[in-house]
Amino acid sequence: MTELRDALPAPGSPRFWRSLDELVADPSRRPLIAEAFPQLADIEPSLDRRGFLRLLGASIAFAGLAACSGPPPERIVPQVGGADDAPPETARYATALATGGDVVGVLVELRDGRPIKVDGNPRHPASHGGSDARMQASILDLWDPARSQAPRTNGAAASWSAFESDMATLRSRFASGGDGLRVLSGGIDSPTLARQRDALLARYPHACWHVHEPAAGRPTGTWPDLAKARVVVTLDADILGTLPGHVRHARDFAAGRADPAGMSRLYAIEPSPSLTGRNADHAWPVAAADIATIATALAAATGVDVAMPALDAATRERVDIIANDLRAHAGAGAVLAGPRVANDVHALVRAINDGLGNSGSVLRYLARDDQATDTTSALIEDMRAGRVDTLVILDANPVMTAPGFAAALPGVRRVAHLGRYRDETAEAAHWHLPALHPFETWSDLRSVEGTASIVQPIVAPLVDGRSAHDVIDLLLGDASDDPLARVRATWRALDDDAWTEALRTGVVDASFAPVSRPPSNVASVAGTPAMADARELEVVFRPDDHLWDGRHAHNAWLQELPRPVTTLAWENAAWLSPELARERGLRDGDMIRIESKGRSLDAPVLVVPGQAAGTITLTLGYGRRHGIAKGHGHDAYALRDGDGAWWSGDIRLTRLDGRSSLALTQAHQDMGRRDIVRSGTPDRPPAFPAPEPHASLYPEKPGGDYRWGMSIDLNACIGCNACTIACQAENNIPVVGRDEVARGRRMHWIRVDRYHEGAASAPRTYHQPVPCMHCEHAPCEVVCPVEATVHDREGLNLQVYNRCIGTRFCSNNCPYKVRRFNFLQYADFANESLKAMRNPEVTARARGVMEKCTYCVQRIQRAHIAADRDGQPIARDAVTTACQDACPTRAIVFGDRGDDASAVARASDSPRRYELLDELGTRPRTTYLAALRNPAPDWRDA
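Throughout, this note's numbering is defined as the position within the sequence shown, counted from one, plus 82.
Rather than coming from a laboratory, the hints here were simulated on the basis of the structure. A portion of the hints provided could be inaccurate.
In silico DSS-like pairs for lysine-lysine, Cα to Cα no more than 30 angstroms straight-line [unchecked claim]:
(1) K917 / K199
(2) K917 / K712
(3) K712 / K199
(4) K679 / K199
(5) K712 / K679
From just these sequences and the hints, can you work out the full model?
Spelled out as structure tokens, the structure:
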């Protein structure tokens, strides 16, 4: 079947066939049909064409039924619904995911045996139930119809049996020691894969295993407890956005700022604004070249035995303020260096924390496995020298992400690539092998803070793929049909009961990594650095917030999700500071050329508030040449020297003719210059009087048994957009594409607005999620001519899809701009794989229909049914919304406002509570708690 399917014309090909009759009549297709259906081929000469087609059609139909995936053959264990072999109608299974250089524990929800939703595992220390955008989008990775379906060799359809024969030949040739054998993988977070790596290198002592993580940087080996920290200083460390452990760090950060009386203070020193900088009390933009200088000055000011560098007066003043704050909170502070700064900076930071007593109280240091035997640059050098005979690439795309790799690849005799997509490396390899999704196979993963989880398959494979474990076993000659036994061999210490509990909870007990306390040593720090010339330009490289190094570029949900810092979707741009843009006469969309060390890159300009004056930022992951990302953005790897190159000086910037329109969402759904986001400080906390009832022409709605409402704490929201994509997954929200986003037609039911305060060079930023307000006096309801938007007895503003005729009067009359209209047929009703991914409790909408946030009414109705069945009311806080479940900081609470003890009612009692646009008298059921910032008293903005 695989070869027959691959032999069919590709979509869009001018060579069409209209029926199986034409396919059978083509003599060139008969050998393929005979191979796919040998029994029919044997009897075909005795049948007429009609009889043969009847049997062939029935065989294909039954083959299609067999391809419909169900539970895996091994026994898997859900968290709820029992532990028998047959999964219940609705169950949640604990497993783990490796996304963007991080490992998180997740719960996968199944409906009728189909995985449809992913959330954080509350029992896993790295997530505590929180999510990020990549975690939420992993369900689309599983069901993506663009996944590679079967093996290919030299561009033609092949089979796993053919690859296994090839591997048997290789084992014979490498039996003498493995000269010329190389393996290239991403970071090794799996204990089982690490065990296989060690076995491979023991079997073939002359072989090498290389690790390629183009966006990860160096492991920091530091795990802070931000809930305990009173002062946090980050040196180019995005602890809330891209640093491993950021989901847990976000939860702890919010916990440390929940009490205004003991609110922590965050200083973010960085060349380019990050999610951490956007949430800092003081964001300090400095050039990447000056990070080491600032670190040295901070070390000297806190008592470390290093010389104070020469600083200007304003810089010295800020260093002294931060140092005084750290000393005043000795033992309750944390100075954190990011993975992309120099080793000297890490040594200085460790000395600061040791000297102030932060190590061991707020910070712990983790022992890390030595993940690589050689670097990617060493592999490329060997490829060029002809020392590599066979290269096996495991779930990596070095042709795209490793400069110089593609040019050196033709010198390798045999290249096998394992990956979920036919990407740039797959097209250049001799063998391309489909990789299984983590939800389809057995494995294990260890998070950066040391917790191990068993990765259990939630569904049988949807494609003819294998895992990295399978490929390594083929190299070792230990191929097994029992992937479960392979993982259990790594965890021999777990008996059956402990194994079952590890599957149920998603955490292997007593699996934490040992704590390491390496001594701080600043003797090796180079001489005192001088501040860089402010007139010199530099370029810095950063992973994309959603696509990371490009490995998630195939995911349309992540492509369309606005970036937290820039609100840009479907592409990247060259970030410029307002000062540099003003000096060069540039604005958003102007094309520029960036030249560095003989390389050049053309890209559009994006002026970003909070960018260091002379710094140009390029995000990785775009400029792809295959898949849905083809033609979107520019390839920042073209300017990069290698995996360890995070910034470069000696930059030349030239303005080009022409412009590029950018898909920015910052100005979409504008509510006007009203009093929208509100903030204060612990010394001056915002307080708002209880709203007084206004006279209204709207009739009062009859009350029901419940008064559903939502509260969003702007002091906890960090603007990560996890809520937006969780809502998309829960409510079957379609993707519209770049052009429609640029027209302001994105369909997300909850958006995250961003507001800046202060100077554009270093503004304070506030984030505000905006779902439907579910107004008690809803302006949308009175203008709908067909009553498609109505109010129910429990306070929900509902949308009746089959009544809607698309006048859009409701959207025009909504002051919050939260309604979305299907201008085109955005939802894909044809693809069977996407149908299986959708939530069966939520209708997929058609063209011409208005839609909006429903407070996840399907979950409310499910709770009603369960309560009616049990003969009791819905339990307090039992109903949660998708955005609430996903939020890593627990900024969103939902429940019955009529229950004074519910979380949403308690939030309504806060003095920080206010209603959005309350002057309009709409009486929204969604309310907000004002944001707080905790500035240092003596800090002066530039």
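Each hint, compared with the structure:
no. : hint        : result
1   : K917 / K199 : holds, 14 angstroms
2   : K917 / K712 : holds, 25 angstroms
3   : K712 / K199 : holds, 27 angstroms
4   : K679 / K199 : violated, 46 angstroms
5   : K712 / K679 : holds, 27 angstroms
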